[in-house]
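Starting from the known structure of chain A, fit chain B onto it as the hints suggest.
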Amino acid sequence: MLAVDVAQEVPVPLAARFECRPGELVALTGPSGSGKTTLLRCIAGLMHPRAGRIECGGARWFDAAAGVRLSAQQRRVGLVFQHYALFPHLTARMNVALASGRADPRAHAGELLARLGLAGLAERRPAELSGGQQQRVALARALARDPAVLLLDEPFSAVDQPARHDLYRELAEVHRALALPIVLVTHDLNEARRLADRLVILDRGRTLQQGTPAHVLSQPRNARVAELVGIRNHFEGVFRQTDEPGWGRLEWGPGQRLALRVRDKGRVEDGAAVTWVVAAEHLAVHAAPPEGPNVLPATLEEALPLGDMALCRFAIEGVAAPVQLHQPTAALQRGQLALGTAAYLQFDPAGVHIMPRRDTPQPPPPARGVGPVPPAAA
Amino acid sequence: MDWDAARVSLWLAAATAVSLLPPAVWLARWLATTAARARPVVEAALLLPLLLPPTVIGFYFLTGLGGASPVGEWLARHAGLRLVFTFEGLLVASWIVNLPFMVQPLHRAFAAIPRSVREAAWVSGLSPWRTFWRIELPLAWPGVLAGVALTFAHTLGEFGVVLMVGGNIAGQTRTLSIAIYDRVQAFDNAAAAQMSLALVLLALLALALVFALDRRNALQER
Numbered sequence: 001m002l003a004v005d006v007a008q009e010v011p012v013p014l015a016a017r018f019e020c021r022p023g024e025l026v027a028l029t030g031p032s033g034s035g036k037t038t039l040l041r042c043i044a045g046l047m048h049p050r051a052g053r054i055e056c057g058g059a060r061w062f063d064a065a066a067g068v069r070l071s072a073q074q075r076r077v078g079l080v081f082q083h084y085a086l087f088p089h090l091t092a093r094m095n096v097a098l099a100s101g102r103a104d105p106r107a108h109a110g111e112l113l114a115r116l117g118l119a120g121l122a123e124r125r126p127a128e129l130s131g132g133q134q135q136r137v138a139l140a141r142a143l144a145r146d147p148a149v150l151l152l153d154e155p156f157s158a159v160d161q162p163a164r165h166d167l168y169r170e171l172a173e174v175h176r177a178l179a180l181p182i183v184l185v186t187h188d189l190n191e192a193r194r195l196a197d198r199l200v201i202l203d204r205g206r207t208l209q210q211g212t213p214a215h216v217l218s219q220p221r222n223a224r225v226a227e228l229v230g231i232r233n234h235f236e237g238v239f240r241q242t243d244e245p246g247w248g249r250l251e252w253g254p255g256q257r258l259a260l261r262v263r264d265k266g267r268v269e270d271g272a273a274v275t276w277v278v279a280a281e282h283l284a285v286h287a288a289p290p291e292g293p294n295v296l297p298a299t300l301e302e303a304l305p306l307g308d309m310a311l312c313r314f315a316i317e318g319v320a321a322p323v324q325l326h327q328p329t330a331a332l333q334r335g336q337l338a339l340g341t342a343a344y345l346q347f348d349p350a351g352v353h354i355m356p357r358r359d360t361p362q363p364p365p366p367a368r369g370v371g372p373v374p375p376a377a378a
Numbered sequence: 001m002d003w004d005a006a007r008v009s010l011w012l013a014a015a016t017a018v019s020l021l022p023p024a025v026w027l028a029r030w031l032a033t034t035a036a037r038a039r040p041v042v043e044a045a046l047l048l049p050l051l052l053p054p055t056v057i058g059f060y061f062l063t064g065l066g067g068a069s070p071v072g073e074w075l076a077r078h079a080g081l082r083l084v085f086t087f088e089g090l091l092v093a094s095w096i097v098n099l100p101f102m103v104q105p106l107h108r109a110f111a112a113i114p115r116s117v118r119e120a121a122w123v124s125g126l127s128p129w130r131t132f133w134r135i136e137l138p139l140a141w142p143g144v145l146a147g148v149a150l151t152f153a154h155t156l157g158e159f160g161v162v163l164m165v166g167g168n169i170a171g172q173t174r175t176l177s178i179a180i181y182d183r184v185q186a187f188d189n190a191a192a193a194q195m196s197l198a199l200v201l202l203a204l205l206a207l208a209l210v211f212a213l214d215r216r217n218a219l220q221e222r
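Protein chains in written order, with the numbering used here: chain A, 1 to 378; chain B, 1 to 222.
Simulated from the structure, these hints should not be mistaken for lab results.
Values in this document were obtained by computation on a predicted structure and should not be read as measured data.
Any given hint might turn out to be false.
[To be verified] To be clear about the criterion: a stretch of chain B counts as covered by chain A if any three or more of its residues have a C-beta under 8 Å from a C-beta of chain A, and this derived list gives those stretches: (1) 121-130; (2) 134-145.
[Stated by the list, open to error] Each pair of labels, with its calculated beta carbon distance range: (3) A:ASP146 / B:ARG130: 16 to 22 Å; (4) A:SER157 / B:TRP141: 54 to 60 Å; (5) A:LEU178 / B:LEU51: 35 to 41 Å; (6) B:TRP141 / A:ALA158: 49 to 55 Å; (7) A:PRO22 / B:TRP141: 39 to 45 Å; (8) A:SER157 / B:SER196: 30 to 36 Å; (9) A:ALA280 / B:ARG39: 53 to 59 Å; (10) A:GLU236 / B:ALA38: 54 to 60 Å; (11) A:LYS265 / B:ARG130: 42 to 48 Å; (12) B:ARG130 / A:PRO22: 54 to 60 Å; (13) B:VAL18 / A:GLY57: 56 to 62 Å.
Glycine included, each C-beta is placed from N, C-alpha and C at the ideal position.
Isolated chain A (complex conformation) (with noise of 0.2 Å):
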């Protein structure tokens, strides 16, 4: 198990705190300078934050209390480079035996690259290897340590879409074979939700929230996380209790006229002012008012033709931001949605998530006590 709770303000804020246990594949994930990079290098041991603990496998890799600051090569740690890092005066296989500790490197060395399809490649220096090939050794050099944890840093970037479609599978391969706790760090959010247990954003520095891939993206903490994980569709709103027990009202629009029904879990006061979120899949467009409840006339504004899908925007009346969803381009085409024409948005209560209103990000807290994570939303 490895267990991050590191907190700092300079040279880059952190405040963050995870954990990712064996066979766990962790992404942290955030916009470009949130400290994604600069939490893996405190894993690493590449820099050491001000305040906090790092502990892996039992072992207490750092502990500013205690004084514990292990250096790089004290850590077992396996790290794939941003752009590999690799030795370019060295074959591919020397690359790996370097990190090997077992009694035959050059051997153990054969063996990892072999297992990563690169077993002709062996005495091929970097430069004569593609980006993926180049990746591969990366990765083997990685596990020749035998490491209590795999530290991927954006390691998919360099290459390009076919080869990047084979390293994922090869890190799934990984993934499933070793019970090794695994760190990737990326900003693409589509590459997280396809290969990780359990998404960490990170802003700022400061880990926002944490949870499998499906509940981060459909129930984000507050709205920042929403904008993060690229929800399009967030609003401001008053939230109200009702009589009919497990339901509430939300309340949006101008004057507040406009009302869905939604889910009351208990956690959010009658009358708070709340941020809500629809995923896309629970938004439904129809061309008659459908049956049943939250349903809302809407005109379809602009229609943007992406390949087979059109990025739709639909006013409703009244309400300054638009809803944006995909719709079929063949839809358009086939004259069932037109510019201007009116449909009818059904919102389903099931996909409607709301959280306490947070206007801006919070700041990190000083760089001592690192509290706990804040307890969640509805």
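Showing chain B alone in chain A's frame:
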């Protein structure tokens, strides 16, 4: 041809190149990796011998390390070492004037090694010492060759400092460049021409060697 002078020249050039290399590697590596505020000052100081007239360096050397100076006196009394008009003195002066020729190519070579490559070595478990021998030095090898060859060639051609610090003692401090000056003063142009040609060829050989080795390295696409 003054064979004694040729021997002194070659011996001085080789001794300078070999003995200056280790401290220059250390200094160049420090310059390439440090974040110290003093770095620009050190860099400027290292380039200074390139801009100063050799006579200025020679003058300071004589006044700073000569027998009458406190350092010179201390060296003579405790180490039995005299630095004026001796081969040892020439060697020390040679270190100073050759610092930029040795350190500059090394500095560039070490600075060209990406930080991530060094860090990858540490994460792979290599100690800083092993990282230096297995990763950094091989990668900086063209810089090492260039520094050694430039220092060697430049020492062969050095005149002003040698004359001021070493004087013109046959078999001890008279180098080829001094001998050429000596022969021209004596209207012995034939000997001067021979020795001049020898110096041109030696310098050319040293530089050609650098480019040849650098080319071979470039072909390996390191």
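Here is how each hint holds up against the structure:
With a cut-off of 8 Å between beta carbons, the stretch 121-130 of chain B has 7 residues touching chain A; three or more are needed, and the interface restraint holds. Counting residues of the stretch 134-145 of chain B whose CB falls under 8 Å from any CB of chain A gives 4; the rule of at least 3 is met. Separated by about 19 Å at the C-beta atoms, ASP146 of chain A and ARG130 of chain B satisfy the suggested range of 16 to 22 Å. The hint said 54 to 60 Å for the Cβ distance between SER157 of chain A and TRP141 of chain B, and at roughly 31 Å that hint is violated.
In this structure the hint that LEU178 of chain A and LEU51 of chain B lie 35 to 41 Å apart at CB is violated, the actual value being about 59 Å. Roughly 27 Å separates the CB atoms of TRP141 of chain B and ALA158 of chain A, a value that falls outside the hinted 49 to 55 Å. Roughly 42 Å separates the CB atoms of PRO22 of chain A and TRP141 of chain B, a value that falls within the hinted 39 to 45 Å. Under the hint 30 to 36 Å, the C-beta atoms of SER157 of chain A and SER196 of chain B, about 59 Å apart, miss the expected range.
One distance hint, 53 to 59 Å for the beta-carbon pair ALA280 of chain A and ARG39 of chain B, holds here, with the actual separation near 54 Å. A C-beta distance of roughly 55 Å is found between GLU236 of chain A and ALA38 of chain B, which places it inside the suggested range of 54 to 60 Å. Between LYS265 of chain A and ARG130 of chain B the beta carbons are some 57 Å apart, a value that contradicts the proposed interval 42 to 48 Å. For ARG130 of chain B and PRO22 of chain A, the hinted distance range of 54 to 60 Å is not satisfied, since their beta carbons lie about 30 Å from each other.
At about 48 Å, the beta-carbon gap between VAL18 of chain B and GLY57 of chain A misses the expected band of 56 to 62 Å.
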